[in-house]
Amino acid sequence: MTRRPRPLVYALLAAFVLGSAFPLYWSFIIGSVTRQRASQNPPPLLPGGHFLDNASQVFDRIDFWSALLNSILISGFSALSVVLFSTLAGYSFAKLRFRGSNAAMVFVVMTMAIPPQLALIPLLKEFSNLGLTGTHFAVALPWLVTAFGVFFMRQYLVDAIPDELIDAARVDGCSMIRTFWTVAVPAARPAMAILGLFTFMQVWTDFMWPLLVLQGSDVQTLQTALDQLKIAPGQTLTDMALLQAGTILATVPLLLLFIATGRHLVTGIMQGAVKG
Amino acid sequence: MQNNSTRRWRRTLALGAAATLVGGLASACGSDDGSSSSLGKNDTLTITTFGDFGYADVIKKWNDDPDRPFKIKETRVAEWDTWKQTLTSDLQAGHGLTDVVAIEGDAMPQFLSEGASDQFVDLTDSSLDKRWVEYKYKAGQTADGKQIGYPTDAGPEAFCYRADLFKKAGLPSDRDDVAKIFATWDSYFAAGRDFVKAMPKTAWYDASGSIAQAMLNQVEFPFQTADNKIDVENDGLKNVYKTVTDNAKTLSTRAVQWSDDWTANFTNDGFATLPCPGWMFANVKSSAPKVKGWDIVDAFPGGGGNWGGSFLAVPKTSKHQKEAKQVASWLTDTEQQIGAFEKAGAYPANLAAEEQLTTTGKPDPYFNDAPTAQILANRAKAVPPGVPYKGDKYSDILGLLQTAIQRVDEGKSADSSWKTFTQAVARLS
Amino acid sequence: MTDHHDLPGRGHGGSAVLDRGGPPRRPRDPGPASTPSWRHRLSRWDLKVSPYLYVLPFFGVFAVIGLYPMLYTGYLSFFSWPRFGTAHGDAVGWANYAHVLQDPVFRKALVNTIGIFLLSSVPQIIVATLVAALLDMNLRGRSWWRMSVLLPFVVAPAATALIFGSLFADKSGLVNDVLGGLGLSPVHWHGDRFASWTAIATMVNWRWTGYNALILLAAMQAVPRDLYEAAAMDGASRVRQFVSVTLPSIRTTMMFVIITSTIGGLQIFTEPRLFDTNLQHQGGADYQYQTLAMYVFNTANSAVDPYPRAAAAAWLLFLLIIGFALLNFVLTRALQRRSLA
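If you're matching them up, the sequences are chains A, B and C in order.
Per our numbering, the very first residue in the first sequence carries number 2; after that it's consecutive.
Per our numbering, the very first residue in the second sequence carries number 585; after that it's consecutive.
Per our numbering, the very first residue in the third sequence carries number 3; after that it's consecutive.
The set of hints was computed from the structure by calculation and includes no laboratory data.
Treat the numbers as computed from the prediction; the structure is a model and nothing was measured.
Don't take every hint at face value.
As the list claims (entries may be wrong) - Quick look at which bits of chain A chain B covers, simulated, 3 or more residues with Cβ under 8 Å:
| # | stretch |
| --- | --- |
| 1 | 127-133 |
| 2 | 225-231 |
Stated by the list, open to error - Cut-off 35 Å, straight-line C-alpha distance, at most; resulting in silico cross-link-like pairs (DSBU-like, lysine-lysine):
| # | chain 1 | residue 1 | chain 2 | residue 2 |
| --- | --- | --- | --- | --- |
| 3 | B | Lys-876 | B | Lys-764 |
| 4 | B | Lys-876 | A | Lys-231 |
| 5 | C | Lys-110 | B | Lys-833 |
Positions of the beta carbon are idealized from the N, C-alpha and C atoms, including for glycine.
Isolated chain A, as found in the complex:
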């Protein structure tokens, strides 16, 4: 097992990674040529020199910076909220005993099967009624705590915290919430980081819900702002070069975050595994 694998293994992996990276590269190519070139046959295979032109058009047409700020605020708030509440609930399910705990856990998992469309229309009406449409909070509310998060934390915490630690804390007279902070949270940290990052990415890339609740308001996220690049006289515009440049601009912040924390994330996933 300690033997280094054969070159074939690297070749296969490299092929997979290239396949993963190519669509992003393609997006950059299209985003860096003129609109005319983008729709010509044969398609360009190398980046052109117009990325900055296209990008400056994006900045002209949409309020990129305010959308970026909104995306950061909404995704960040959701990620914090999901991590906090999921860890609390996951801890409770994993380590505390209470009546109905098993049934409740099954229920949590089952809620993952609910298609968002089932709730979409009434939810939109509900939010309209509450006067919440067009607010940051409306985008974040469905993301305050997720079934996936609770399930994920529960699975992690079952083994990550030795029961004796909790007992010891209790014996020392710690209240339940103190026990949670001093015992559960430190142990849960790697999983919290992963859950936080995943949630951040998911909220960042969410499209349909923000589009519907934010339409016609000043508040836009990056994804809904990009949709406004299609605004044109008459019908919608498909300026591929502009749209792809916008896509790249909206993806770069997430990419940077990913590169900055990715190692941590990956080792985090693995850490849990090594112990198990």
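Dock chains B and C against the given chain A, drawing on the hints supplied.
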């Protein structure tokens, strides 16, 4: 819209309600104090438009004028389809909408129907009777004569064509000479067959759907009878369907309008002609900025037709209905409509604006110096008023028909596609 | 539950330290005579109530954004509600469900959804398992490889649809160009039913394979290395080790991956909607890639009784997903039994 402090207060209230986990629908349903509150200089009246109405500059002008009693703020939404979803749910909820909303022309009949029209302010003002071209003005009224929407733009149709490709194919290419090609649909299709024989790599027109739309705009009762009974088995509609599907293989690019492939065809000589309502000009220019040879003919097969054009309406939820009506009227007034035409190419439904554009309009160098405003004014005169009749399900059935034509473009037989179409239409009742 | 939903690399979960309602262990050295009972009571109360308090936020939020809309949708599905009406109309019994079930478009959407789901989940899980196996080896630059397979996850589904939409454009797309260069005839990515499913499944696979590979990798890392050594000593080849040691050891994680991708796959919406060239968002002119989630959305925008009919369709979709999840569960359980026997 409410001023900031009430808004914040309402939001807090709403958060409270959400936090108690109950509330929901019971709590809500906006306060109905109608048009009572008034706007101060620093308050804002809000409007939502979709696509580009070309209002940015004129609104800026209003806001820069210190004598205006309040400010205007426009929010733009990309697509009518998704905007309609939000518009509908906000209408039902009783708040969340801006003071003025834009409604797409083909969908207007839905909002004029009983139940829906009650949710809008009656904008009737007899002093405006002669302001707009009649067919657009009427299209904003309910059956009992309430004015729900003020017309913004109109879409009188001309034809755009590639003079250079016409020449290559041995067809006349001069603006006046080509008019006879565009005299009737028969002459149009006949010329098309000659064209593709000479130029087999280029299609005659941009999309089957756009020709269908152009022809449909001349059918008096395409989908519904005058009493809104659905009837899709009429000769007018069947003739359009048959003509378009018969010619799909030979004359059409068979690309769907607005798709990537359709856009690409502008630059790679994909087609030679395209039905061109005023708002399409800007699309041609931006899709093919470097292509030389586009021209516009002052003729349209079978007479004339109107494609598109929207309305401004004031939902009853507005707290400033009087001011909203004032703004809707101001935006659709002559000067502003000229501004919108210059900004976004939306050809005004406003008569005085049309007239003024005719006299002041400059020839457009992109279109080989075609007198665009003059052409559109002539085309507007050729539009048969009240045709096509748009019943309450007009846009629903139109969508199904366009889908049926796309099926044939993609290789389904015309008969089976028609059958699927009629089945789907039957499910609309 | 615990048996089958364990997350990556976590063993089977035993749980529970604190006995329900039992006496608190060894009360800490009692202070003044009056306080202990007060403190004692507080502590017992704390012990009893806290677990509920901690899970409350989830159920609270769920009540607002999940349960309430869901029940409301269920209620609505038995009424009529004309377009633009301000309130629902008469009760109509099961008529909305009947309408949906008799709709040929619904049936088509059902087949499409299952088709796209199979094309996106089966290859995805197989490839993810293989990639995980490769990543499980003693690679140079391990973290780097692991990170790079997750790259597509930073791209939003809307952007994914945009990128792949242009790659798969029928006439001007790169994929058809490459096919043409190889002397093959172009594929009607939007027109042909199977081709459109493939294109949509490709987007899903692209975005999620790496993610699932990492989850499976985590489980593989937890397999005790001595199992492999024992197998190697018995003369088992690498492939044989993989089949008889690795796969059985990651069953529970596999189950998690399968169930989550089933749920996600059957709810697919954004990718096909944005891939669509049909202006009415019908999922292709012949409804060839309209999914059930799109059907629900379109129905909510249709001419007659939009909400109630969409509500009925949404409930049918929910039942379908539950059905598939249960099927997965039962099948895997049966397989496990057989492999244990």
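### Message
Please list, smallest to largest, the hint numbers that this structure does not respect.
### Response
Structure breaks no hint.
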